[in-house]
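Asks: Got chain G sorted already, so can you dock chain B onto it with the hints?
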Amino acid sequence: MNISSTLASVVASGQIEASNIDPSVNAPAVATGAFSFMWLLIALPLLGAAILLIFGKRTDKWGPYLAIAMSCGAFIVGAVMYLTMLGLPANDRPVNLHIWDWVIVGDFQAPIGMQLDQLSIIFVLLITFVGSLIHIYSLGYMKHDPEKRKFFAYLNLFVAAMLLLVTADSYLLLYVGWEGVGLASYLLIGFWQYKPSAAVAAKKAFVVNRVGDVGLSIAIMLMFVTFGSVTFSGVLEDPAAANESTLTWIGLALLLAACGKSAQFPLQSWLLDAMEGPTPVSALIHAATMVTAGVYLIVRSAPIFDAAPDARTAVMVIGAITLIFGAIIGCAKDDIKKALAGSTMSQIGYMILAAGLGPVGYVFAIFHLVTHGFFKANMFLGAGSIMHGMNDQLDMRRFGALRKVMVITFITFSCGWLAIMGVPPFAGFYSKDKIIEAAFGVNVIVGAVALLGAGITAFYMTRLWTMTFTGKSRWTDDNKHPHESSAVMWIPMAILAFLSVVAGFMLAGAIETWLAPVTGFEETELAVSSLVMECASLALVVLGATIAYLQYRRDVPLVAPQHVSPLTVAARQDLYGDAFNEEVFMRPGQWLTRSMVFFDNRGIDALVNGIAASLGGLSGRMRRIQTGFARSYALSMLAGAVIVVATLILVRM
Amino acid sequence: MSTTHYLVLSAILFSLGVLGVLVRRNAIIVFMCVEMMLNASNLAFVAFAQQNGNLNGQTIAFFVMVVAAAEVVVGLAIIMTIYRTRRSASVDEPNLLKY
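If you're matching them up, the sequences are chains G and B in order.
According to this note's numbering, the first sequence is numbered sequentially starting from 1.
According to this note's numbering, the second sequence is numbered sequentially starting from 1001.
To be clear, the hints were calculated from the coordinates, so they are not data collected in a lab.
This structure is a prediction, so every number in the text was calculated from the model and none was measured.
Where is the CB? At the ideal position from N, CA and C, for every residue including glycine.
Hints are supplied without guarantee of correctness; some may be wrong.
Derived list of chain B stretches under chain G, where covered just means 3 residues or more per stretch with a C-beta under 8 Å from a C-beta of chain G [to be verified]:
id: 1; stretch: 1076 to 1082
id: 2; stretch: 1088 to 1095
Partner residues are not named here, just some residues of chain B that face chain G (Cβ under 10 Å, in silico) [said to hold, decoys possible]:
id: 3; residue: V1023
id: 4; residue: R1024
id: 5; residue: R1025
id: 6; residue: A1027
id: 7; residue: V1030
id: 8; residue: K1098
For reference, chain G alone in the conformation it holds in the complex:
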């Protein structure tokens, strides 16, 4: 034991030194000083979750406050890391903290280590900051829930797993975080598991995510076979050394993983159902952080995609398809959370699209991810606030005229609404228009799709905003007195709304310089000036918003009209995503399992049981020979002897 651990540490330290000496790559330095405490990022929320889950009901009173403290603590640690990093020159910023050797089998090494660089620190700050705000918001939102403590424990678990995902220094450890957020997502979607719809939605999210996870595990296996390593430094140092078709396969497997986690086409079906979870969960996990893990994965694996152009094109196409797909679904939903979920899908489509553009897009994928994290979390919290004031009513046809009764929610939500549409100077303007420009620089068709998406985004968001806040009230009879939510809920909303306004121009320009050493960055070269592009997208946004406003400002029928265009019907059915899965995967799968069960019962079991039964029957007959008459035994002995003698004589002759 001692010898092996000493050997392991010798090998590990040798590796670190070797990678330090190599001048060709920007290898992360060994963490020292403040960075050596980066494990606290994960440890704090994990400890919170452990205390709340292990000590159970005894922590009911103070548990939620502990969870909030742990989440805020992680944010403070993250902020200290960020400030320390700011003080370093760009090339010294990536740091690596080796914690212990996890798996050592022959040449294969999987150390547990954390890597903090310009990319992961952005995620750390986003996750802990938005996470802490949503923890605080949940204090108000889940006030009367008997299982409040469990909810906060799961939220802390989620934050820990998500931080592990973005700070892992190897794909294997990233996979642990990846599964951890999947588990937390499952637990939180199904938090009200007494509702069958929530339980089913949780299972659906879990199963669909498994499909993507298979992609990630295949990618990790391929990496190990190709590079002999699963650490970021081992794989991403020089991926061009491997042959291109292998890299393409790795890229496609990573894309499958990203599709599962980020609800991209064709694995998008789970996200709309995931809205069964409590609204803070939808805001944190299914809008701001977890669903963007796929974008992180692709941007993190940028060197692989740079060396495999086919895989990168696939990423771009998937992003473009999902962008339109989600937007169309968002246009037809009357459930406010589902409309927002369609929008999330579409906005992540933008990010994936940007990540598929290569070095011109990586930075903007992350930029849009951050601004989207702010404005979408803000709008989800706004939706939660509306539900809170409206007796958990979700149907927008039952809203209307909430502008006057929920003033703060109206203002914060409007900030998010303007930000997602990309109205200058709100956050979305800076990030989304950059993606559209970069897309035009790479491929005109993709650029046009992204531009069209901006118009549809404006349409569905304005539809949502108009139906909710303006017009006449269409409240149900039992719910005549909507009210504004308490301060514990609106303050997080206000902070996020503020960021939805300012995050864009605060980060624009700065984020490119910040991220360039990790992801690489190239300026987009366009035939027309970017001002023309901005005007074009703004014109489309104004057009979309105007159409929606004029259409939904008037009386909205309380029941969705039945005689509508086929596209609307399809969009209400999530563009037949579920129907497709059911016909193509579920039913053949059921037939397969049924025929397997049939074959097992009637084939394999029948064979085994048949042999046993026939042997039993045969021996049952044969034992009748044992009559108990000594003389008949003697006769059979004689017969045997005679046969032996006769045989001998015959053989002699």
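Replies: The following block gives chain B in isolation, referenced to the frame of chain G:
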């Protein structure tokens, strides 16, 4: 007298013994028939010994007698015990060792 005559007599005695074992029910008589089969084979051994001019067959005959004596002791004891418990010496009566 050639060896053949001895062998024919031995075969006749042996066959009578076999017949007795198969057809008679009285355990004592079955037992005596078994003895007769043993002695028939002894006769054949001795006849061959004389023909070959060595003592091997004679020796084996003595062995058989010793074994037969031991067998008689055990066999008679069993028959006695069965007779005491069942009041019968028929070999068909004890039939516990069946299916």
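Asks: Are the hints correct? Go through all of them and say.
Replies: Each hint, compared with the structure:
Look at the stretch 1076 to 1082 of chain B against chain G: 0 of its residues bring a Cβ nearer than 8 Å to a Cβ of that chain, fewer than three, so the hint is violated. Residue count for the stretch 1088 to 1095 of chain B with a Cβ under 8 Å from a Cβ of chain G: 4. That meets the three needed, and the coverage hint holds. For V1023/B, the interface hint holds, since its Cβ comes within 10 Å of a Cβ in chain G; the closest pair sits about 8 Å apart. Hint status for R1024/B: holds, given a least beta-carbon distance of 9 Å to chain G, under 10 Å.
Interface hint status for R1025/B: upheld, as the beta-carbon distance to the closest one in chain G is roughly 8 Å, under 10 Å. For A1027/B, the shortest C-beta to C-beta distance to chain G is roughly 9 Å, which falls under 10 Å, so the interface hint holds. Here the hint on V1030/B is kept, as its CB sits about 8 Å from the closest CB of chain G, short of 10 Å. Here the hint on K1098/B is kept, as its CB sits about 3 Å from the closest CB of chain G, short of 10 Å.
Of the numbered hints given earlier, the model fails hint 1 alone.
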